[in-house]
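Novice: Next come the chains, spelled out residue by residue.
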Amino acid sequence: MPAGELSGGAKAARPSFDEMGSAGDCRAQYGLIHRWLADTPAELLSLKRREAELLFRRIGITFAVYAEGGNPERLIPFDIIPRVLDAKEWSLLARGLAQRVRALNAFIRDVYHERQILRAGQIPFELVLHNESFRPEMQDFEPPQGIYTHVAGIDIVRLGPSEFYVLEDNCRTPSGVSYMLENREAMMRLFPDLFARHRIAPVSHYPEELLDTLKSVAPENCDGDPVVVLLTPGPYNSAYYEHSFLADEMGVELVEGADLFLDDNIVYMRTTEGPRRVDVIYRRIDDDFLDPLTFRADSALGTAGLFNAYRAGNVTLANGIGAGIADDKSIYRYVPAMVRFYLGEEPILKNVPTYCCGIREDLSYVLDHLAELVVKETRGSGGYGMLIGPHATREQLAAFAEKIRAEPPNYIAQPTLALSTCPTFVESGIAPRHVDLRPFVLAGKEIRIVPGGLTRVALRQGSLVVNSSQGGGTKDTWVLEG
Amino acid sequence: MLSRTADSLFWLARYMERAEDIARIIMVGHRMASMARSLENPGNEWHSTLIATGCDKGFFTKHAEASAEVVIDYLVRDPDNPSSIFSCLETARRNARAVRTALTVDMWDALNETWLRAHDNDAARFGPEHLLDLLEWVKERSLLFSGAYANTMLRNDAYYFTRLGTFIERADNTARILDVKYHVLLPHHEGIGGALDYYHWQAILRSVSALRSYHWVYQERLKPWLVAELLILRPEMPRSLLSCSEQIVQHLDLLAEAYGGLRGECHRIAGETHARLRYGRIQDIFQSGLHEFLTDFIDRSMLLGDEISKLYLN
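Residue numbers (my numbering), protein chains in the order written: chain G, 1 to 482; chain C, 1 to 314.
Keep in mind the hints are simulated off the structure, nothing from the lab. It is possible that some hints are incorrect.
[Unchecked claim] Computed beta-carbon distance windows for the label pairs:
{"#": "1", "chain 1": "G", "residue 1": "Ser-91", "chain 2": "C", "residue 2": "Thr-104", "range": "33 to 41 Å"}
{"#": "2", "chain 1": "C", "residue 1": "Ser-209", "chain 2": "G", "residue 2": "Ala-201", "range": "48 to 56 Å"}
{"#": "3", "chain 1": "G", "residue 1": "Asp-286", "chain 2": "C", "residue 2": "Ser-309", "range": "25 to 33 Å"}
[Claimed, not checked] From the derived model, a few chain G residues whose C-beta atoms are all more than 10 Å from chain C:
{"#": "4", "residue": "Leu-37"}
{"#": "5", "residue": "Glu-185"}
{"#": "6", "residue": "Met-188"}
{"#": "7", "residue": "Asp-223"}
{"#": "8", "residue": "Gly-234"}
{"#": "9", "residue": "Ser-244"}
{"#": "10", "residue": "Asp-248"}
{"#": "11", "residue": "Glu-273"}
{"#": "12", "residue": "Gly-358"}
[Stated by the list, open to error] Only some residues are given here: those of chain G computed to face chain C with a beta carbon under 8 Å:
{"#": "13", "residue": "Asp-259"}
{"#": "14", "residue": "Thr-271"}
{"#": "15", "residue": "Thr-272"}
Note that the structure is predicted; figures quoted are calculated from it, not measured. Quick reminder that beta carbons are idealized off the backbone N, C-alpha and C, glycines included.
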């Protein structure tokens, strides 16, 4: 694949695009924010930040960090300066996101049925069929509405005024939406005046949209109002706060595997009044742990027999099983092809050029240009186990090259992108920091997207890693109404 | 509602109540021990305190001697003791986290802030010289939690289960506090009705915030059988076994109503216990032995808890 205009890595990298604009040349949607920052003394901002932290701690937003000792309920830092998108930027993004998620769902349906895209030679057979994320159990099964990924988190980075790239698709159990909602809540409490001076598209109806989406994919044999539950691995999961928050906001039961049981391929939950039938399960447990009878037998999180009930069409799982085939890092580079193949449209959102080390030419390119590239494990997530070439020492590069040579198909590489920056309130004052954006796309009978998403920000100067597990923070994301 | 949710609410309320109750029992122990010291009659007050909390077995597998400092540490903060105040706060919050969606914001705030403060590791604040402050603080937090849920929860099954947890634990505790007196031995020359005996009964009343109530109800100097009557049989005393038992029966009935009339063994046990207390006489209780009566009550409470679990929580 031609690396195109994005290649060249750190040495040739142009300066990052700043979303507020340079001094004296502020972009229109940041006009009021710019003036507000100039007029507000740093002490007041510090005070507000402390207030925000207190607010979050009380609300109980916490995020367990796996690799770290100490307090397992560390807060994700919240930056009080919002990120602003105007109506035009958002409408482009929204169209692109809806298009991409339609294509991803069509692809998943296809690989578990006719495999037309493979037959057409657009994607190599073995890449799909030998993929760990491919679930043979799902073949020839038709989920309601033909939807597999009902909640997709599409990670977007921005390189210029109208250059949005998809960095990664998350089709399994993407998290972070509670931060989007709580960040907005916090901003409205902390800066009511600033709010009043903007027309900002609301986000607080996300749980209602989610519930509607889930109900729209209830099994065909469900009569009456579908009973929806949210299935969580439990309080020790890092995203537990989000699970309880969403269940609460939707007004549905938050269940654990042991709360459910199967009788004659029908799912029930144990209640104080006896068994109650369940129609739709918004599950936040990975495929592997969902059903010890079908997947990992050692799983204590799931419910035995769930998969059979799903296949029998007695319950809908959202997201569907096997959706991970669409967000596998080695499949990513074919997503634009999916858009063209299934929808007959040109992709609105671009892909970042990606080298698959499993392909010989790509491998040699990657090894030759390691110092310029970002290398990720195809199975990795959360920013763990990745190499950022321009920031690595010679020894780290050599060691990583060894790892790649040992198991090339495990790695993909992308040029180091000059991610856009947003003004951020850090220790030294207000300074630009790199950001990305995770909008949440809901797919049921129709596609719904709440304007905005979760903006993640790399708080360390120069850092490109925004993952909360790697010291990233979050910002409120404002979409201005036109 | 989910059985697990009901279970967590039930235990969450029990553990918050237990934290308070352990604090109250330590207060009795503390007061009895200081009086014994001032009368130059050091006794076995701390050992009795352990027995009253039901923590004696666990304690003696870890420690050889029940000295004041070690007992207090074991009852206040030892993570190996599931009934230590800190363990109770920890367990209560763990249950709360598991059912966040069933709690009101005020309940969660009360629990979460308690837990955060207990965890901010300010060793000085929790040192022995601040023991009474700490115990008062625990009492305050528990009262705040009770107030928060009594004033903010919807009156539905979630509330009934929470209420059941509180009252089963509270009744158990009142019985145990009264029983402390049985275990504290009076020195030979200090007979029943002597100064020390008198102070013991006073300490018991104080620990359940009932000294004034006693005077209000009886207008008499402290008499053991009247103290016992107040804490066991008087309906106007909110921590008495009868009061708690009334609440238990009432909330089990509300559950039965909410669930279309479903009743079980727990309803029978609760009703029977209530009838005994409602029509019981203190002279009969003393005749057959106060300690035996209390032990039997504690056993029945445990059985009641098991039967509630069987019917609703599994």
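Novice: All hints, please: hold or fail.
Specialist: Taking the hints in turn, this is what the structure says about them:
One distance hint, 33 to 41 Å for the beta-carbon pair Ser-91/G and Thr-104/C, holds here, with the actual separation near 40 Å. Range check, Ser-209/C to Ala-201/G: Cβ separation about 54 Å, and the 48 to 56 Å hint holds. Distance hint for Asp-286/G and Ser-309/C: a CB-CB separation of about 32 Å, consistent with the stated range 25 to 33 Å. With 10 Å as the threshold on Cβ separation, the claim that Leu-37/G sits away from chain C holds: the shortest Cβ distance comes to roughly 32 Å.
Distance to chain C confirms Glu-185/G as a non-interface residue, since its nearest Cβ pair spans about 13 Å, more than 10 Å. The beta carbon of Met-188/G sits about 17 Å from the closest Cβ of chain C, which is more than 10 Å, so the claim that it is off the interface holds. Every CB of chain C lies more than 10 Å from the CB of Asp-223/G, the least distance being 23 Å, so the non-interface label holds. Not every C-beta of chain C lies more than 10 Å from that of Gly-234/G, the closest at about 7 Å, which undercuts listing it as non-interface.
Against the 10 Å criterion, Ser-244/G falls within the reach of chain C, whose nearest CB is about 4 Å from its own CB. Its beta-carbon lying about 4 Å from the closest one in chain C, Asp-248/G breaks the requirement of being farther than 10 Å from that chain. With a least CB separation of 5 Å from chain C, Glu-273/G falls inside the 10 Å interface cut-off, contrary to its annotation. Every C-beta of chain C lies more than 10 Å from that of Gly-358/G, the closest at about 43 Å, which supports listing it as non-interface.
The interface hint given for Asp-259/G holds, since its Cβ lies 5 Å from the closest Cβ of chain C, which is under the 8 Å cut-off. Look at Thr-271/G: its Cβ gets to within about 6 Å of chain C, closer than 8 Å, so that hint holds up. For Thr-272/G, the interface hint holds, the least distance from its beta-carbon to any beta-carbon of chain C being 5 Å, beneath 8 Å.
Hint compliance for this structure: hints 8, 9, 10, 11 are not met, and every other hint is.
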